[in-house]
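Peer 1: Residues per chain, in single letters:
Protein chains: 2
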Amino acid sequence: MDVVESLRALIGAGAVLDAADTATRSAGVWRPDNLQAAALARPATTGEVAKVLRWCHANGVGVVTQGGLTGLVHGADAAPDQVIVSLERMRAIEDIDPRQRTATVQAGVTLQALQEAVEEHHLMFPLDLGARGTATLGGNAATNAGGNRVIRYGMMRDMVLGLEAVLADGTVVSSMNHLIKNNAGYDLKQMFIGSEGTLGVITRLVLRLREQPVTRNMAFVGVDNFDHVAGFLRHMDRALGGTLSAFEAMWGDFYRLVTSPPAKGKPPIGQDYPFYVLVESQGADSELDTQRFNNAMEAAYESGLVVDAAISQSETDCHHFWALRDDVEQTLHGGVPVIFDISLPIAEMDTYTTSLGPALAAAIGPHRLFIFGHLGDGNLHVIVQVQAQDYLRLRPLIEQQVYAPLAAFQGSVSAEHGIGLEKKPYLHISRSAVELGLMRSLKHALDPQGILNPGKVV
Amino acid sequence: MDVVESLRALIGAGAVLDAADTATRSAGVWRPDNLQAAALARPATTGEVAKVLRWCHANGVGVVTQGGLTGLVHGADAAPDQVIVSLERMRAIEDIDPRQRTATVQAGVTLQALQEAVEEHHLMFPLDLGARGTATLGGNAATNAGGNRVIRYGMMRDMVLGLEAVLADGTVVSSMNHLIKNNAGYDLKQMFIGSEGTLGVITRLVLRLREQPVTRNMAFVGVDNFDHVAGFLRHMDRALGGTLSAFEAMWGDFYRLVTSPPAKGKPPIGQDYPFYVLVESQGADSELDTQRFNNAMEAAYESGLVVDAAISQSETDCHHFWALRDDVEQTLHGGVPVIFDISLPIAEMDTYTTSLGPALAAAIGPHRLFIFGHLGDGNLHVIVQVQAQDYLRLRPLIEQQVYAPLAAFQGSVSAEHGIGLEKKPYLHISRSAVELGLMRSLKHALDPQGILNPGKVV
Numbered sequence: 002m003d004v005v006e007s008l009r010a011l012i013g014a015g016a017v018l019d020a021a022d023t024a025t026r027s028a029g030v031w032r033p034d035n036l037q038a039a040a041l042a043r044p045a046t047t048g049e050v051a052k053v054l055r056w057c058h059a060n061g062v063g064v065v066t067q068g069g070l071t072g073l074v075h076g077a078d079a080a081p082d083q084v085i086v087s088l089e090r091m092r093a094i095e096d097i098d099p100r101q102r103t104a105t106v107q108a109g110v111t112l113q114a115l116q117e118a119v120e121e122h123h124l125m126f127p128l129d130l131g132a133r134g135t136a137t138l139g140g141n142a143a144t145n146a147g148g149n150r151v152i153r154y155g156m157m158r159d160m161v162l163g164l165e166a167v168l169a170d171g172t173v174v175s176s177m178n179h180l181i182k183n184n185a186g187y188d189l190k191q192m193f194i195g196s197e198g199t200l201g202v203i204t205r206l207v208l209r210l211r212e213q214p215v216t217r218n219m220a221f222v223g224v225d226n227f228d229h230v231a232g233f234l235r236h237m238d239r240a241l242g243g244t245l246s247a248f249e250a251m252w253g254d255f256y257r258l259v260t261s262p263p264a265k266g267k268p269p270i271g272q273d274y275p276f277y278v279l280v281e282s283q284g285a286d287s288e289l290d291t292q293r294f295n296n297a298m299e300a301a302y303e304s305g306l307v308v309d310a311a312i313s314q315s316e317t318d319c320h321h322f323w324a325l326r327d328d329v330e331q332t333l334h335g336g337v338p339v340i341f342d343i344s345l346p347i348a349e350m351d352t353y354t355t356s357l358g359p360a361l362a363a364a365i366g367p368h369r370l371f372i373f374g375h376l377g378d379g380n381l382h383v384i385v386q387v388q389a390q391d392y393l394r395l396r397p398l399i400e401q402q403v404y405a406p407l408a409a410f411q412g413s414v415s416a417e418h419g420i421g422l423e424k425k426p427y428l429h430i431s432r433s434a435v436e437l438g439l440m441r442s443l444k445h446a447l448d449p450q451g452i453l454n455p456g457k458v459v
Numbered sequence: 002m003d004v005v006e007s008l009r010a011l012i013g014a015g016a017v018l019d020a021a022d023t024a025t026r027s028a029g030v031w032r033p034d035n036l037q038a039a040a041l042a043r044p045a046t047t048g049e050v051a052k053v054l055r056w057c058h059a060n061g062v063g064v065v066t067q068g069g070l071t072g073l074v075h076g077a078d079a080a081p082d083q084v085i086v087s088l089e090r091m092r093a094i095e096d097i098d099p100r101q102r103t104a105t106v107q108a109g110v111t112l113q114a115l116q117e118a119v120e121e122h123h124l125m126f127p128l129d130l131g132a133r134g135t136a137t138l139g140g141n142a143a144t145n146a147g148g149n150r151v152i153r154y155g156m157m158r159d160m161v162l163g164l165e166a167v168l169a170d171g172t173v174v175s176s177m178n179h180l181i182k183n184n185a186g187y188d189l190k191q192m193f194i195g196s197e198g199t200l201g202v203i204t205r206l207v208l209r210l211r212e213q214p215v216t217r218n219m220a221f222v223g224v225d226n227f228d229h230v231a232g233f234l235r236h237m238d239r240a241l242g243g244t245l246s247a248f249e250a251m252w253g254d255f256y257r258l259v260t261s262p263p264a265k266g267k268p269p270i271g272q273d274y275p276f277y278v279l280v281e282s283q284g285a286d287s288e289l290d291t292q293r294f295n296n297a298m299e300a301a302y303e304s305g306l307v308v309d310a311a312i313s314q315s316e317t318d319c320h321h322f323w324a325l326r327d328d329v330e331q332t333l334h335g336g337v338p339v340i341f342d343i344s345l346p347i348a349e350m351d352t353y354t355t356s357l358g359p360a361l362a363a364a365i366g367p368h369r370l371f372i373f374g375h376l377g378d379g380n381l382h383v384i385v386q387v388q389a390q391d392y393l394r395l396r397p398l399i400e401q402q403v404y405a406p407l408a409a410f411q412g413s414v415s416a417e418h419g420i421g422l423e424k425k426p427y428l429h430i431s432r433s434a435v436e437l438g439l440m441r442s443l444k445h446a447l448d449p450q451g452i453l454n455p456g457k458v459v
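Just so you know, the sequences run in chain order A and B.
Oh and the first sequence: position 116 is 117 in the working numbering, straight run, nothing missing.
Oh and the second sequence: position 164 is 165 in the working numbering, straight run, nothing missing.
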């Protein structure tokens, strides 16, 4: 049997690339290499996805599902003997229901396409992340994407009301629930969300939409110790009464990096504080929201939780504040960054981050360390910068120093990026042998031949 | 082998009731009958739960886990040859972490005990329902409980960060995650939440806490048609900018019932409107929140969305408003209520509820029909009152009329109460054959002998 010819017979000649054509495509927006696979199938419907899977299942061929290829953990890498299923032709926004506040989409729709489509109904799809223009909603669901506003709206898991998935053997599970409350039996969609394509291929989604906020208030503050950062989080969350939408912490070194040349960002406050926080509130009443935000900031200042603050006076200020937080590209200057995405209890963060620098110095010698993240969610991004020529040699040593201490307090080696291939060797730090065993039982129950995204996660 | 003696040898004589002692206990707070089982085990630790399950697994004995016995769907009924595992001795609140805003509890802790324990930290556990004093957190998790503030804080599923469960064979799965973001492999806890004790016995939980709101604004409004009810929901959700905490709709007949003798409630507004809504906002700044709430109400009135409104002037008013909504007991006067807990798209509600009365009249003759519910979540409680002597005969006919139309628009036969035994014959209305098959695959993977809560759900 020939893979390419067989699949072409099932879903059409134009819908299947052979190995040579597949190899002309980039492996992803951050990747220097190209795709490799026996074939790349581009089904246009759930039925076609099912046909491809049924054939692969019958012939024992591995299947790797691909969305926008913006993942960071090699979760969608394929091997030369496997078939890639790309959802690039399943880009229909099937329905937006402004009364029910739901959207029904095919899995290949990009995050940004949906964000823009719901705007005219004064609605918002609250997931947001840098790769919005390329990342697909199917990929967001398969990896349980996080992003900047998890503290208010949750992760992708919290926004998926229903989904349709194709199992390894081609069975279509249509579970397109539109209801916020539905306790009619097991909540099957939960299995597929965050399973990184190893339990099924997500083909369609029903997503929950929210009212579009119309006002925004922000501040960029300096804080003199970590206890005050944690205290400031609770203070603002309480004082803003349900409207806190982001709480992004930056350790001093990161702030100085993104507010000093060659970075273009100007420092909104002094550069000598140990910690900085960008705090954002979204609401609906410009005057009252501003008054409340300013009251909350004033109280924080008076109680000593913050020692310096710049408060946004315009949307331009807000964009400027976010641009500083998002200017992670600066870590590319003067070296190569090793990027981590961990989460840990807030009570452990100070000790962990204080110990990390010396531990890295002992293990790898000179380096630069940048820390920032979604503090309200317990999620820190740790970036260790080393010289390009040392990268491959030092990377495993750095991973060891960053991950190993997490085991003591049940920290996570992946807050939001997922496991893929990259973090699989470290999954045991965050999960017990029993948990890993149960994951394998689930995998075996749904995909006994192991054809879905072989070797990833478990 | 003797069940009672065997279990006593494992966890102690005082920890196991025999069949006769078990039969002296009530089957639940709403139930006229008593428990029946071969034995009732009261383990004090997860290890003891594991011992009991291991024994039952080895001997092919069915196990029914019981919490506070406040469920409404016969989800915890046991048979004479089965073993009840009661978590009544696992009532420790192990830890409240005010910085991480988490609580770690044993599964037998009541909802109210946790609500009260976190107050001193100015925190809130936002799940709330009438049975709070008896219902256990383990039961809340096993049934994915809902309640009054789902629109703001979600269901129990959204509040569980981690859990520990014992599998059918006695394996302890400890997945006590404390982190809001954790994508380290499959999110195993999701399987156990809402599975009604059929996949494992939940023994401990890590729960997410929220800041305690300090202000509350409410209104009780009259609305002249259903479109305006739906429009008022969107208007208030948007205008309150993240602080809407309840949106409870009442059809006219229910309002008149709870505001007319023998009910003690006084009508806050006229009794002739077709629809009523109780709307609540919780915040943090008394003056600004009141101003915003009143602005939002004024705009609603001016645009014609509401035609009459009573706005709370005090906490006493708030209690009075809620007391009307909660006075479901009035449906016990003059007949016997058949209580439903459905959910359906908002766009279908008007047609569904308008058709239901005539359909019931044709099927069962004279009856009374009361409708109210958590409209913001798509969840309606439908109560059909019939005469006591007709109850048993009419009940299946009523179920048919209430459930059958839901199939056309993917409504749910259970928004929040679960399936248990009561709704199992109707589960197919809300779930396809493929979904039911996948549920059975999961059940088989985790409990191949079928000893956990036999016959429930799937």
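Rather than coming from a laboratory, the hints here were simulated on the basis of the structure.
It is possible that some hints are incorrect.
Have a look at the derived ranges for each label pair, beta carbon to beta carbon [what the hints assert, rightly or not]: (1) Ala118(B) <-> Ala408(A): 49 to 57 Å; (2) Gly451(A) <-> Glu6(B): 57 to 65 Å; (3) Gln113(A) <-> Ala362(B): 47 to 55 Å; (4) Asp22(A) <-> His445(B): 36 to 44 Å; (5) Ala408(A) <-> His445(B): 32 to 40 Å; (6) Leu422(A) <-> Ala59(B): 52 to 60 Å; (7) Glu6(A) <-> Pro397(B): 41 to 49 Å.
Even for Gly, the Cβ is constructed at its ideal location relative to N, Cα and C.
Peer 1: Per the hint of 36 to 44 Å, is the separation of the Cβ atoms of Asp22(A) and His445(B) within bounds?
Peer 2: holds, 42 Å
Peer 1: Does the hinted range 47 to 55 Å hold for Gln113(A) and Ala362(B) at CB?
Peer 2: Cβ of Gln113(A) to Cβ of Ala362(B): about 52 Å, so the range 47 to 55 Å holds.
Peer 1: Could one say that the CB atoms of Ala118(B) and Ala408(A) fall in the range 49 to 57 Å?
Peer 2: violated, 29 Å
Peer 1: Given a hint of 32 to 40 Å, does the C-beta separation of Ala408(A) and His445(B) actually sit inside it?
Peer 2: Given about 33 Å between the Cβ atoms, the range holds.
Peer 1: Does the beta carbon distance between Gly451(A) and Glu6(B) stay inside 57 to 65 Å, or does it fall outside?
Peer 2: violated, 45 Å
Peer 1: Does the beta carbon distance between Leu422(A) and Ala59(B) stay inside 52 to 60 Å, or does it fall outside?
Peer 2: violated, 40 Å
Peer 1: For Glu6(A) and Pro397(B), compare the CB-CB distance with the range 41 to 49 Å and indicate the outcome.
Peer 2: violated, 56 Å
Of the hints listed earlier, those the structure fails to meet are numbers 1, 2, 6 and 7, in rising order.
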